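**Q** Read off the chains here:
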Amino acid sequence: MKIVVPVKLIPDLVDELTIDATGAALDTTWLRLIINEFDDHAIEQAIILKERSGGHVTVISPNVEGVEDMLFTASAKGADKLVKLNGNFDGSVNNHALARGLLPLVQELQPDLVLVGVQAHNDMDGTLGALLAEYLHVPYVGYVSGVSVTSNQAIIRKEYPGGLVAEIEIALPAVLGIQASEQPPRYVAISKVRQMMKTVSIDEYEIPVFETHGGATVSRMYQPEVAEKATMISGDVDETANKLIDIFKEIGVL
Amino acid sequence: MVIAEISHTPSFSETFLTNLYKVENGERFRACLQCGSCSGVCPFGYLMDYPPGRMIAGLRADEFDLVMDTDTVWMCVSCYACAQICPSKIPITAGLMTRTKEELILAGNVPSELQNALENSQRYGNPLGESPRKRADWTTGIQPPVTILGRDRRPVDVLWFVGDYPSYHPRVQLVAKSLAKIFNALGISYGILGPEENSDGDTQRLAGERGLFEMLAEKNGRIFSRYQFNKIITSDPHAYNAIKNEYPELGVSYPVQHYTQFLAERIDQLKPLYKSEINATVTYHDPCYLGRANNIFEEPRLLLESLPGVKVVEMPHNLSTSLCCGGGGGGMWLDGFQWEKAHVRLSEWRVREALTSGANILAVACPYEPPRFEDAIKTIKEAASLSVKDIAELISDAL
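So the sequence lines, in the order shown, correspond to chains E and S.
Heads up, the first sequence is in this note's numbering, so the first residue is 919 and it goes up one at a time.
Heads up, the second sequence is in this note's numbering, so the first residue is 180 and it goes up one at a time.
Calculated from the structure, these hints are not laboratory results.
Fair warning: there could be bad hints in the mix.
[Unchecked claim] A few chain S positions that, by computed beta-carbon distances, are all more than 12 Å from chain E:
(1) 216
(2) 251
(3) 281
(4) 298
(5) 299
(6) 309
(7) 363
(8) 393
(9) 523
(10) 566
[Said to hold, decoys possible] Keeping only pairs whose Cα atoms sit at most 20 Å apart, straight-line, the calculated SDA-like set for lysine to any residue is:
(11) 1110(E) <-> 393(S)
(12) 557(S) <-> 498(S)
(13) 313(S) <-> 1116(E)
(14) 1110(E) <-> 286(S)
(15) 1110(E) <-> 518(S)
(16) 398(S) <-> 929(E)
(17) 313(S) <-> 948(E)
(18) 1110(E) <-> 337(S)
(19) 1116(E) <-> 398(S)
(20) 356(S) <-> 1155(E)
(21) 398(S) <-> 1155(E)
(22) 398(S) <-> 1115(E)
(23) 423(S) <-> 448(S)
(24) 398(S) <-> 950(E)
[As the list claims (entries may be wrong)] A short list of chain E residues far from chain S (calculated; beta carbon distances all over 10 Å):
(25) 919
(26) 933
(27) 941
(28) 968
(29) 972
(30) 1006
(31) 1018
(32) 1119
(33) 1121
(34) 1126
(35) 1145
(36) 1146
(37) 1168
Just so we're clear, the structure is a prediction, and the values are computed from it rather than from any experiment.
Idealized CB from N, CA, C, for every residue including glycine.
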């Protein structure tokens, strides 16, 4: 079982986001990148499958700041091959471009399963898995929360609203959009990650022709504006509490 | 006659025990009498599947894998009570308990709450998951301004290692502000590292993440070497313990004091600065890593006794028999896990004891304690009139 997991790094929300001078993109001066949470689940699901029924896991990521730490962590969890993808990843790369960029490498790796995070919070787009499946001419199932595999088919678990669960059988190879791995992403001791840094190498893959078209163009990016009916209360804790009490009295709840 | 050596692959117990002998004073594990004092004094020993004494018995019986199959070692709060009471002076906390947690972490057997704190410490340099850029935000408005070494670029006498909770936790930031006020009143030349400071890593180490501890210590060591100062003062006994006892073997060696030691040396300068009376009966909770682990018992009491209007009373468990607040050894990040197992909080036990002492202020000297004890007070009806104050806050109130 050959499993390929393309992952991406997205803005870490630990710091407040600011918008750059163009008014249509994030200011990247202080931006820290972190693995997309759904991609972290995709890696975990791949490792679970490998542990359960054997296999070889390749993790691929665009070569941006922080990619090596992330890849070595994946390796400490059990990934067998690490690849960083070289191309012009300045700014946000849309999923059409990323899918085209990944395609030749994924084809070369001849996977039985491609696991991607079902979506990422930096684009709220969720098309990467479906686009890759289309280019590879294989089936796609998204919002997956459990997978079991036999030699040439996979049984996929999907949770629907209202407490329903479905099991879907598909022929391999296939692409799956992972919503949640069967267990939460595991912790690996730093000593193991450091060991990987000394013993494991990261392959590099040059995207032959990186065409970035295909995505939506953001015309304006902005902080939510204060709605007309909202009253913003300012002041220190005591002032705010007193104003709240006055308002509660005024509307008759106190 | 030659007897061929029988090839033997060491069992998990044998390997573990061999490594344990290599810990400082580790050979004393051979001297365990199986008296059971450690298991009896352990605040959570009664509910561990294998309390410390039984763990040692398990090692000797070559059955340590049974210990590794349980998760109750995560109840250990690394409070040093077992090591303190042991008649053979076996390094139970530093050796056995910490090494067992290390094995569990290497095996990926980590309670999820603890996992978050460890991941945050790795990524952001603090277990709270806060932005490193905001580490000095608590200094806003303090006059004269707190020197941030990376920004202000001037040599200082004292490098104040503020620590995670005084930097970020809203309740403990009040302690940091009080200390800044005291340092300013005394005219101390001091500075902080601000965004460049990383967690001291000691509690992560005692929770079994040795690699993470080393990474954090190396980062702090690199930053220390960039600036000019004469000594380090910590707000946190855990940071004090790390910098004093653990950093030197990683090549990071500086004179270090806990702030209570530093201020006790300046008590004659402090006394004339006191302007208001505290008027309270105060009992002092010895933090594990100031008291039992580092034998600093006198200085905090000297400071309290110096305060006008303060009457100091002792709790039944005091000095080296002090009770743990429950935050050490990873306990700070295992509240849910420990509650599920025990349905009691060590902090509540301590607050009840403070009440019996007749005190109306529970004085502390460790950043884990104000939030832990204040939360405990909220759950104990009779404790409503008890307040929790760091010694730094009491001194600052008197200035």
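**Q** Each hint should be assessed against the structure and marked as holding or not.
**A** These are the hints, each one checked on the structure:
1. 216: Given that every Cβ of chain E is farther than 12 Å from that of residue 216(S), nearest at about 32 Å, it holds.
2. 251: Check passes; 19 Å lies beyond 12 Å.
3. 281: Its Cβ does come within 12 Å of chain E, the nearest being 8 Å, so this is violated.
4. 298: violated (7 Å)
5. 299: Given that some Cβ of chain E is not farther than 12 Å from that of residue 299(S), nearest at about 9 Å, it is violated.
6. 309: Its Cβ does come within 12 Å of chain E, the nearest being 7 Å, so this is violated.
7. 363: Given a closest Cβ separation of 23 Å, the condition holds.
8. 393: Residue 393(S) is in fact no farther than 12 Å from some Cβ atom of chain E, at 8 Å.
9. 523: holds (27 Å)
10. 566: holds (18 Å)
11. 1110(E) <-> 393(S): holds (13 Å)
12. 557(S) <-> 498(S): With a Cα-Cα distance of about 26 Å, the restraint between residue 557(S) and residue 498(S) is violated, given a limit of 20 Å.
13. 313(S) <-> 1116(E): violated (33 Å)
14. 1110(E) <-> 286(S): holds (11 Å)
15. 1110(E) <-> 518(S): Answer violated: residue 1110(E) to residue 518(S) is near 30 Å, above 20 Å.
16. 398(S) <-> 929(E): Violated, at roughly 24 Å.
17. 313(S) <-> 948(E): OK: residue 313(S) and residue 948(E) at ~12 Å, within 20 Å.
18. 1110(E) <-> 337(S): violated (36 Å)
19. 1116(E) <-> 398(S): holds (19 Å)
20. 356(S) <-> 1155(E): holds (18 Å)
21. 398(S) <-> 1155(E): violated (37 Å)
22. 398(S) <-> 1115(E): holds (17 Å)
23. 423(S) <-> 448(S): At roughly 26 Å apart (the allowed maximum being 20 Å), residue 448(S) and residue 423(S) break the hint.
24. 398(S) <-> 950(E): holds (18 Å)
25. 919: holds (22 Å)
26. 933: Check fails; 5 Å does not lie beyond 10 Å.
27. 941: holds (23 Å)
28. 968: holds (14 Å)
29. 972: It holds; residue 972(E) is separated from chain S by about 19 Å at its closest Cβ, greater than 10 Å.
30. 1006: Residue 1006(E) clear of chain S: closest Cβ-Cβ about 27 Å, beyond 10 Å.
31. 1018: Fine: 31 Å to the nearest Cβ keeps residue 1018(E) off the interface.
32. 1119: holds (21 Å)
33. 1121: holds (25 Å)
34. 1126: The claim holds: residue 1126(E) sits with its nearest Cβ about 34 Å from chain S, beyond 10 Å.
35. 1145: Check passes; 28 Å lies beyond 10 Å.
36. 1146: holds (32 Å)
37. 1168: holds (30 Å)
The structure fails hints 3, 4, 5, 6, 8, 12, 13, 15, 16, 18, 21, 23 and 26 (numbered hints given earlier, in ascending order).
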